[in-house]
Amino acid sequence: MAENKKKPKLTTPLESIIESLFRFFDNKVYRYTALFAASGFLLILPSLSSRFTQEIMTNLFFYVVVCLGLNIIIGYAGLLHLGYAAFFAVGAYTTGIMSSRFGIDFWLTLPFSVVAAVLAGLAIGFPTLRLRGDYLAIVTLGFGEITRLTIRNLDITGGAVGLIGIQRPVFFGITLNQISHFYYMFFILAILAIFVSYRLHDSRMGRAWEYIREDEDAAAAMGINVTTSRLYAFIIGSSFGAVAGSFFAAKMTAISPDSFMFIHSVMFLMAVVLGGMGKIPGVVLGCIIVVLIPEISRDIGQYRLLIFAFMLLIIMLYRPQGIWPDRPTISAKE
Amino acid sequence: MALLEIKDLTLRFGGLCAVNALSLEIEDGSIRSLIGPNGAGKTCVFNCLTGFYKPSDGEMLFQGQSLVNKKPHYITFLGMARTFQNLRLFKEMTVLENVMSGMHCRTNAAFFTTVLRTKSQKAEEKHIREVSEECLDFVGILDKKNHMARNLPYGDQRRVEWARALATQPKLLLLDEPAAGLNKDEKSKLIELMHRIRDDRKITIFLIEHDMGLVMKVSEKIFVIDYGVKIAEGTAKEVRDNPKVVEAYLGKEEEEESA
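Chains as they are written, first to last, in the numbering used here: chain B, 10 to 343; chain Z, 55 to 313.
Note that these hints are calculated values from the structure, not bench results. A virtual CB, placed ideally from N, CA and C, is assigned to each residue, including glycine. Keep in mind that a hint or two might mislead.
As the list claims (entries may be wrong) - With a Cα cut of at most 30 Å, we get these calculated DSBU-like pairs of lysine-lysine:
(1) Z/K61 - Z/K243
(2) Z/K125 - B/K37
(3) Z/K61 - B/K37
(4) Z/K108 - Z/K61
(5) Z/K125 - Z/K180
(6) B/K37 - Z/K173
(7) Z/K238 - Z/K125
(8) B/K37 - Z/K284
(9) B/K37 - Z/K275
To be verified - Here chain Z is said to cover these stretches of chain B; the calculated rule only asks that three of the stretch's residues, wherever they fall, bring their Cβ under 8 Å from a Cβ of chain Z:
(10) 184-196
(11) 233-243
(12) 283-289
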């Protein structure tokens, strides 16, 4: 009988450390203190650290924005999207073209970037959202490559060379041209993305996505319009990517098709899957892993894909729901 | 006028005719049953009504409005809710969240109100919660609202399905084998619950059921189908004494001899 008392589940040390952390942060006071301390630290970080560190952290915030957008599509709505870099490219190129070719102010390009992403989301979403699972993945994969190849071959996008001379944004009289400026810019964007994600998750819309993910037919029988809900997920998710893309273009001042390769879609996808699909802290954790691991030691930079492949294998074998623990349930507590 | 009117409903899968020129009427405020041997096409009728299957021919009128070529979610919005033969709960969600799904078609918060969390959105969320809790209370499992659906015993999972269907605020409730897998005690509670749904909530009930005892007790009128064709209709006694019904369930004597 003693065997039955043992947990049949295999618990890795990493898992138990995170589980205990999770229990610790169940306490509201601890949680808010920790969040406060973390944001305080991130706010003063640029004055303490080198340009190199700031660059990595900016990249991390950028990943958080993009991956939370992808998380709405994959994690919330359960649609496997393999061409997310395309939406990111749509945003970046909208801003890039308007800014470098027509000299339009960066902030004015943002709404156009979102509109372009919505249109792209509709164009790809409308005909394909009837497809289930793997088939959608294949179509989105194709869409990602088509977008990149189109950009590569059009004149207005500058072809393979790309666009140069994208203007820096001006924010209350300050031209954003220092890395610390972008650090704060992306920090605010990441906070916004987290905020919007939380609000969406805990709402009528977020629940509708969850119902559809759990059982499409039952959701339809309960009066949920499956196609429209999915389309919403596609549009909102693409908008996140497009906004991140616009800021990316402004930060780089030059973009080329090489910034939007399939491998980028894969890296975004990996951050979402590693940490835990549908879980916001999980996605942030996934971004930290994907961005920081290659940077911690430059030596392993060459092998990062190998390391990620191993990590992904281990996660899929032992913890398919991602590193971040599931929410505790009443009966689990009993 | 009848609440639901089915005229010459026909459903074909290739050469197989699952439902053949079926006509029936459900009056407002009644409890009606659809019975028939296994594979007679009962669930197919439900799937046509709720928009999961497209009927090959025929007309279905709900409150005078045609249901042909309407999507499932819109039919639910019109006021027809269903339960499934094999439970289709959202297993990884709590009981309350399951029931809240039913309120989706009666509410309308969208992206901006959600992100800004406006007053109306907050009020709506509160309303969704209240209605859902009331439905759970009605079926008697409010105390389990925070449990994961998959952790409930089978009988309670059934109740979650009913609560979820009630939360859509239907006028007509389609129950697909509601008593399957329930014990005697749970069945008598189910009968009482069906009467309460009809009398307190003024919801018409149309059910498919194999348990004849239960069907005879709850429904004023019974439709019998076999191979997609309606073979009898009437009160429990009339149906029981109908030779065609006996034949459909037990087979013809001469057939048995030749077999």
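Unsatisfied constraints (hint numbers, rising) = Hints 1, 2, 3, 7, 8, 9, 10, 12 not satisfied by this model.
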